[in-house]
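**Student:** Residue numbers (numbering that gives the first Met the number 0), protein chains in the order written: chain A, 0 to 147; chain B, 0 to 321; chain C, 0 to 489.
Don't read these hints as lab results, they were simulated from the structure.
It cannot be assumed that every hint is accurate.
As the list claims (entries may be wrong) - Each computed BS3-like pair below joins lysine-lysine, with the alpha-carbon atoms no more than 27 angstroms apart:
#1 C/LYS382 with A/LYS112
#2 C/LYS158 with A/LYS56
#3 A/LYS138 with B/LYS87
#4 B/LYS116 with B/LYS285
#5 B/LYS316 with C/LYS382
#6 C/LYS93 with C/LYS236
#7 C/LYS382 with C/LYS422
#8 B/LYS312 with A/LYS138
#9 A/LYS56 with A/LYS2
#10 C/LYS158 with A/LYS2
#11 C/LYS135 with B/LYS151
#12 B/LYS139 with C/LYS131
#13 C/LYS93 with C/LYS221
#14 B/LYS302 with B/LYS276
#15 A/LYS1 with C/LYS452
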Amino acid sequence: MKKGNLIFAGVFSALAIFIMYFAMQLPKARNGVPGPGYWPILISVVMLVAAITVGIKAFTTKDDTPLVLGASDHIRVYIAMGLLIVYLLGMYYIGFGIATFVMLYGFITWFGKYTWFFRALMAFAITAVVYSVFVYVLKVPFRFGILF
Amino acid sequence: MKKMFVVCMVLAVVAGTLFAGGATETAGATYPNGPATIICPYSAGGGSDSVSRALAAAMKVDFPAGIAVENRTGGAGSVGMSYGMHSKPNGQIITMVAPELVMLPHTGTGGDIDYKKFIPLAIVNSGYAAITVSADSPYKTLEDLLVAAKTKDLQFGNSGIGSIWHLAGAGLEQAAGVEFTHVPFDGSSAAITSLLGNHLDGVSVSYAEVASQVEAGALRTLAVLAPNRLSDYPDVPTAGELGYDVVIGTWRGYCVPVGTPQATVDFLTASIMKAVKTDTFIKFMKNTNNDIEVIGTAAFAEKLQREDEFYAKLIEKIGLAQ
Amino acid sequence: MIVEAFRLVFEPSVLLFIVLGVASGICIGCLPGLTTTMGVALVLPLTFGMDATHSILLLIGVYVGAVYGGSIAAILLNTPGTPASAATALDGYKMASKGEAGRALGISTSSSFIGGMISCVYLILISPILAKFALKFSAPEFFMLAVFGLCIISSISGKSMMKGLISGALGILLATIGIDSITGSMRFTFNNMNLFSGINFIPVMIGLFAMSQAFIGVEEMKQKTVVARAITHVFPKRSDWGMIVKSGFVYGTMGTLIGCIPGVGADIASFIAYGQAKSFSKHPELFGTGLPEAIAAPEAANNGVTGGALIPMLTLGVPGDAVAAIMIGALMVQGLQPGPLLFQNNGPIVYALFIGCFIANICMFVLGLNSVRLFAKVLSVPKSILVPTIFLLCFVGSYALNNSIFDVAVMLFFGIVGYFLQKTEVSSSPVILGLILGPMAESNFRRALLMSKGDYSTFISTGISITFFVLIIISLALPLFQKKFLKRQI
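Between the sequences and the hints, there should be enough to build the whole structure, so can you do that?
**Tutor:** Printed below as a string of structure tokens:
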């Protein structure tokens with residue numbers, strides 16, 4: 000975890016400093032009422048101090064369990080994340096129905112061991128149920144994309 | 000693998016046509032050739048939402064394929080109004096607009112919304128600001144309040160910074176030459192609650208929102224910032240009668256984007272005009288404390304232009320302009 | 000009058016509407032992204048054509064059902080269906096992963112029931128007193144309440160307090176995005192219109208909990224699920240009942256009190272209850288490992304809010320939370336004016352509403368216990384199908400909230416962030432707590448100073464704010480004492 004904690008501390012210290020930099024440019028206090036920058040600066044100071052503490056602790060403690068982020072199990076997660084971003088774009092530009100069917104079919108194929116017919120059926124059924132419930136019962140408009 | 004791909008594509012297409020069947024426009028040249036949607040830029044369950052839904056229900060007779068209300072909230076209404084402004088000008092998307100359309104651009108919080116990019120149809124409802132104090136407040140008339148404001152620091156609650164009710168308080172301030180401390184809350188009801196708890200000197204929200212408290216004797220309305228006395232409450236004077244020329248209120252109007260065919264605009268305007276005369280709509284509006292005030296296309300367009308100039312000046316004066 | 004009220008309620012169609020309301024409420028609450036407010040708002044247009052009793056009791060049914068329903072998904076999938084059950088997920092999912100899903104669901108159902116019933120009793124007996132108490136809250140009191148709530152970060156930060164603090168701060172900072180509520184200046188909006196009114200916290204919650212949990216599912220896809228999750232003991236065991244009844248009373252009362260304060264809702268109540276349950280527990284170190292009282296406390300509190308939120312609505316005509324605001328609209332459509340005159344003018348309807356609240360809670364209990372097996376079927380769905388389905392539900396859920404594709408992108412972003420937070424052993428709950436309480440703390444802090452002309456003594460000027468001040472000190476100091484005490488014992 001040592002390396003993980005150091006990265007974690009680094010990321011959040013940077014974020015805190017970034018927010019402080021932006022908050023400094025906001026208008027100042029008026030008539031004793033703190034301005035819009037006061038609160039974000041206060042909270043980022045807390046965040047910075049906590050992040051530095053985590054960083055120092057990471058240095059001083061002996062390393063126990065290493066943080067693994069590169070095993071095949073993790074690579075699978077990263078690919079899934081990427082595919083979901085593609086799905087989001089597909090949903091927006093192509094259309095909800097087709098993108099969803101393809102997404103479900105793809106993931107079920109990848110994760111499971113079923114016949115192609117079962118996979119297609121599942122993907123179709125889930126898409127149909129979710130679409131019907133949200134569009135017809137909950138009246139949520141899925142109007143995007145060039146196709147359906 | 001290839002077989003799977005083919006099957007998958009076929010099924011997708013089948014699914015597509017199956018679902019799309021429900022949504023495709025029934026072919027035809029004359030409007031309405033499909034379902035219409037009213038975009039309500041405020042949240043479901045609120046006043047704007049319920050008025051829009053009641054209007055949609057009353058307009059249903061003219062829309063065989065249905066007319067629905069869709070909420071797209073955010074940015075004090077700018078998100079929904081912008082969505083409606085950028086929609087296709089085919090009459091399928093009708094946008095509910097409020098004074099925020101001509102206020103937000105001046106405070107720099109309106110994104111890209113611009114009233115000139117809308118064709119106004121009609122206004123159906125308006126509600127004016129009411130200067131309201133607690134029932135046990137020492138101020139019995141507007142004059143008392145404004146005289147006290149010259150020497151004391153009066154705290155006025157409103158529904159949010161730069162909101163219409165903030166501007167109402169500020170408008171009165173300008174007209175009377177006094178200064179209040181404006182305390183912004185998240186919405187009118189939070190301000191009213193705070194007034195009920197005697198944490199404020201007054202509120203400048205709409206009469207409809209304080210009506211039940213005034214009737215119950217918990218609050219007292221000193222004046223309304225309306226052109227005429229309110230029919231529900233004729234005892235309360237208007238600010239104009241008392242010598243302060245200030246009329247500020249909210250309204251709910253409906254618009255379509257610029258470029259919509261004239262025939263469609265006429266059809267929609269006629270449909271709205273017909274809907275506001277139905278008994279169910281009138282009863283609904285009465286029950287929900289909303290006053291019907293119908294303003295037609297031409298007067299609506301004029302009102303937009305006039306209020307745009309008015310709010311530009313007011314917002315500049317109170318230092319909210321960006 | 001009361002006889003008339005009974006006659007109004009005990010009509011078959013009214014009873015059917017309550018059952019339908021509760022059932023649909025449970026389903027809505029279960030799905031991440033469909034919040035209680037949204038559920039009630041969805042049903043509202045349907046009530047326009049009904050009479051007053053049918054309409055208000057249907058809405059109450061949905062309300063009660065949805066507040067409870069969120070806990071089912073929280074326990075079974077670590078995916079709080081509504082923000083109100085985010086605190087339940089902490090221990091509920093842990094207990095379910097130990098193979099005791101049935102027990103967890105049983106505890107949550109019965110403590111929700113008791114919490115809800117208690118709040119109905121308060122609603123009927125002492126609502127005028129509670130309403131007066133609620134009106135005493137002004138900006139300084141709200142600020143102190145919010146800070147008191149934020150102290151709970153220390154209870155829910157998991158292994159590392161510092162990391163919890165960072166994640167809480169992240170939540171508070173995320174909440175500062177948007178137009179500043181006091182001065183109207185833009186903060187961190189980068190001229191993106193979608194950010195003007197801030198980041199909606201529901202998509203963030205769906206991302207951090209549901210989406211990141213689904214990513215964990217992808218990671219563990221190749222592992223065999225070890226625990227056979229048979230659903231047994233849905234009806235709580237006798238040994239659990241003592242604790243359930245006690246938590247139900249204590250935290251149901253607390254929920255009612257919090258619920259009657261305008262603007263403070265079930266989400267805050269459940270976190271505060273969790274924090275308090277931990278502070279007063281004999282073994283606080285076991286919180287977060289699947290402790291029964293850690294499930295009972297937040298569930299009793301969030302259903303306690305349901306009755307509490309109706310108090311200011313019925314007695315003062317001001318909404319106690321977003322749901323009550325919608326109900327006020329529903330009553331007005333019926334020609335009833337909520338407020339001080341409602342009791343005088345429409346007594347039977349008010350009593351019918353009271354009776355309806357009890358029936359809705361009983362209904363929730365019966366439906367809850369019986370449908371648990373049905374819901375638990377979710378666990379027998381193979382991961383390879385369940386995980387993609389959760390992906391899909393996260394997408395449509397966050398879209399449905401506001402019909403906004405931007406919200407979906409926010410959800411996905413926080414899903415990815417949430418996965419890495421889990422990997423670095425950072426608890427995500429403080430982010431949610433920060434998002435909920437941050438804006439309340441900040442705007443009331445500055446509003447209080449605006450009203451007091453910059454005088455900081457306003458924060459300890461009234462009885463309520465001093466009480467909170469003391470409570471804050473106690474809740475921060477108590478864990479330290481407990482540690483010392485425990486060490487001495489060992």
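**Student:** Run every hint past the structure and note whether it holds.
**Tutor:** Now the hints, each set against the structure:
Among the hinted pairs, C/LYS382 with A/LYS112 is consistent with the structure: their alpha-carbon atoms are about 11 angstroms apart, no more than 27 angstroms. Between C/LYS158 and A/LYS56 the alpha-carbon distance is near 14 angstroms, which keeps this suggested pair within the 27 angstroms criterion. Of the supplied pair hints, the one linking A/LYS138 and B/LYS87 holds, its CA atoms being roughly 21 angstroms apart against a limit of 27 angstroms. For the given pair, B/LYS116 sits about 32 angstroms from B/LYS285 by alpha-carbon distance, which is inconsistent with the 27 angstroms threshold.
The suggested pairing of B/LYS316 with C/LYS382 is violated, with an alpha-carbon distance near 62 angstroms, which exceeds 27 angstroms. For the hint pairing C/LYS93 with C/LYS236, the CA-to-CA distance comes to about 19 angstroms; that is within 27 angstroms, so the pair holds. Among the hinted pairs, C/LYS382 with C/LYS422 is consistent with the structure: their alpha-carbon atoms are about 20 angstroms apart, no more than 27 angstroms. Simply put, B/LYS312 and A/LYS138 have alpha-carbon atoms about 41 angstroms apart, too far for the 27 angstroms limit, and the pair is violated.
Of the pairs offered as hints, the one joining A/LYS56 and A/LYS2 holds, with about 11 angstroms between alpha carbons and a cut-off of 27 angstroms not exceeded. Using a Cα cut-off of 27 angstroms, the hinted pair C/LYS158 and A/LYS2 holds, with the two alpha carbons roughly 17 angstroms apart. Restraint check for C/LYS135 and B/LYS151: the C-alpha separation of about 23 angstroms stays at or below 27 angstroms, so the hint holds. Simply put, B/LYS139 and C/LYS131 have alpha-carbon atoms about 24 angstroms apart, close enough for the 27 angstroms limit, and the pair holds.
Straight-line distance between C-alpha atoms of C/LYS93 and C/LYS221 comes to about 21 angstroms, which keeps the hinted pair within the 27 angstroms bound. Using a Cα cut-off of 27 angstroms, the hinted pair B/LYS302 and B/LYS276 holds, with the two alpha carbons roughly 22 angstroms apart. Between A/LYS1 and C/LYS452 the CA atoms are separated by roughly 48 angstroms; this puts the pair beyond 27 angstroms, and the hint is violated.
Comparing the model with each earlier hint shows violations of hints 4, 5, 8, 15; every other hint is respected.
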